[in-house]
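K.L.:
Here are the chains, one letter per residue:
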Amino acid sequence: MSKRPSLKSVRLWLLGVGTPLVLLAVWWFASADSTDTFFPPLAEILDRFRALWLFDHFTSDVLVSLRNLALGYAIAGVAAVAVGFVTALSAPIRWAVDPVIHFLRGIPPVALVPIFISLMGFGLEMRITSIALAAFFPTFIATVDGLRAVDRGLLDVASVYRLSRGERVVSVLLPAAGPQIFSGLQVSLQTAFVVMIASEMLGPSQGIGAMTLLAQQSFMISDMWSGILLLGVIGFAANFLFDLVRRKVLAWYIGSRRLARAS
Amino acid sequence: MALTVKPAVAGAAGIAVALAIWQAASSAHAAGGSLPAVATVATDLGGLLAEPDFWSAVGATVGIALLGLGASAAAGIVVGVLVGSFEPIRFATRAVLEFLKPIPPIVILPLVVLILGPTGQMSWFLVFLGCLLPIVMQTVDGVHSTDPVARDTARSYGMGSAEILARIVVPSSLPYIGTAMRVSAPAALIITVVAGLLGGGPGLGARLYLAQSGGDYPTLYALVIVLGVLGLMFQGATRFAERRLLHWHESYREVVHS
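Those protein sequence lines, which keep their order, are chains W and S.
For any residue, its number in this note's numbering is found by taking its place in the first sequence, counting from 1, and adding 264.
For any residue, its number in this note's numbering is found by taking its place in the second sequence, counting from 1, and adding 1.
No lab work stands behind these hints: they were computed from the structure.
This one's a predicted model, so the numbers in the text were calculated from it and none came from an experiment.
Every residue gets a Cβ at the ideal spot worked out from N, C-alpha and C, and that includes glycine.
Incorrect hints may appear among the rest.
Claimed, not checked - Heads up, simulated EDC-like pairs for lysine to aspartate or glutamate below, C-alpha to C-alpha not over 16 Å straight-line:
1) S:102 / S:54
2) W:272 / S:88
3) S:102 / W:362
4) S:7 / W:362
Said to hold, decoys possible - Listed next, the stretches of chain S that the computed footprint assigns to chain W, with coverage defined by at least 3 CB atoms under 8 Å from CB atoms of chain W:
5) 15-25
6) 221-233
To be verified - Coverage of chain S stretches by chain W, computed from C-beta distances (three or more under 8 Å per stretch; other residues unrestricted):
7) 114-122
8) 195-204
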């Protein structure tokens, strides 16, 4: 790595950093004195962004949305991995739940929100339950698939070493299925985020999604744009944080893949 | 044969237990009696299936999802091949694409509804946008991972760059595109339903909204069951198409060897 970067790679790197900046600048200047109702100036959107999300509605809406997302996702993740283990390790249970689970997975996650509204009203419990249930399936299915694909040899070694059931789960099965579980968790995160927005947009309630839809319905276009911007940033940031954690936890796996590819 | 009978019996038992729990919860008036009985939902479902309006809603949902998916596949593959073939474009667009990818289409739903109104066009556009990025990014990856030896071999056979593109680059990126389509097809259905439920676009999503806001709970459950079946059909159909169309590729051939 002592090699000096070539001129070409510097230029490509500049392109990568520069293009987004140029696009933002184009948006800023092209919209600067826009009178189009649907596309207000970026400066105005950012102004509303600061006024709305950083001051007025930070605790009442932004924090509520983020807490629902975090809580629902955490419940889903823990439950899905735990139930996934029980299901994968016992064939009769797996056979029994397979058809039901596959049917439930076919349902678009957002379609579950009206059902939870009919059962629990528009409260916080409804939103957290919707998020948790919708985010449950991707991780659950990935966990079961990951555990079923664990190398037989690893299991044989585990029994030769007479590992107890707990040791086997923690130090053999969990790491072996880890990559699959994490890709399930990533899909779950996306699902949880979509259902968070949908659960706020249906019916009168608080939250970033509700505020954004309300702004659209009352023709406060800059407010709506600022909501879209905030949701976009949250979507990106959640995925980014997830990737950091994944890289940390699966460092051994990513490293071994890189070695395998290099050889 | 006993091996395949046992899972089937256990699966049927699982379904029976799930239905029994549902029935028990509804007889016990859980959640204030808003959970309808199994038989009520079944009759309602039967009524729906006999209704021509219902079938036109199914047709609208499936049609919008497929049209949006088809359009984003066509555009996504062309854009992906272009971006993947030119190193500077790939670098220039990477940060933008990486930023936009984790943002689901529901985020811009308010804007699209504002401009296009609660129409089929709005639903179609959301499906198009939602499926476009995954297909573009997978195609870029596929083009980028073309075997350089195959490419050089083609060049030494005297193929022009158009021929290399058509005979080497595109076929070798097809499995990547196949993966993108497998992920995007169920997503297209989901986005159509979301656009109907939250944006008022035509189809089953709008009917779901009507059933929920009108308190018509048996229909609500019947519609969700229909959506579950549709979702399974979308997943099954794409998996089948992928296997049929890509059976010649290495990554699909391997299964036969082992």
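K.L.:
Against this structure, judge whether each hint is valid.
P.N.:
Results for each hint:
Annotation: proposed proximity of residue 102 (chain S) to residue 54 (chain S) is violated, straight-line Cα distance about 36 Å (limit 16 Å). The suggested pairing of residue 272 (chain W) with residue 88 (chain S) holds, with an alpha-carbon distance near 11 Å, which does not exceed 16 Å. For a cut-off of 16 Å, the pair hint linking residue 102 (chain S) to residue 362 (chain W) is broken: about 31 Å separates their Cα positions. For the suggested pair residue 7 (chain S) and residue 362 (chain W), the alpha carbons sit about 13 Å apart, so the restraint of at most 16 Å is met.
For the stretch 15-25 of chain S, the proposed coverage by chain W is satisfied: 4 residues have a C-beta within less than 8 Å of a C-beta in that chain, meeting the threshold of three. Coverage of a stretch by a chain is defined here by at least three residues with a beta carbon nearer than 8 Å to that chain's beta carbons; for the stretch 221-233 of chain S and chain W the count is 10, and the condition holds. Counting residues of the stretch 114-122 of chain S whose CB lies closer than 8 Å to any CB of chain W gives 3, so the stated coverage by that chain holds, three being the minimum. Using a Cβ-Cβ cut-off of 8 Å, 3 residues of the stretch 195-204 of chain S lie near chain W, which meets the minimum of three, so the contact claim holds.
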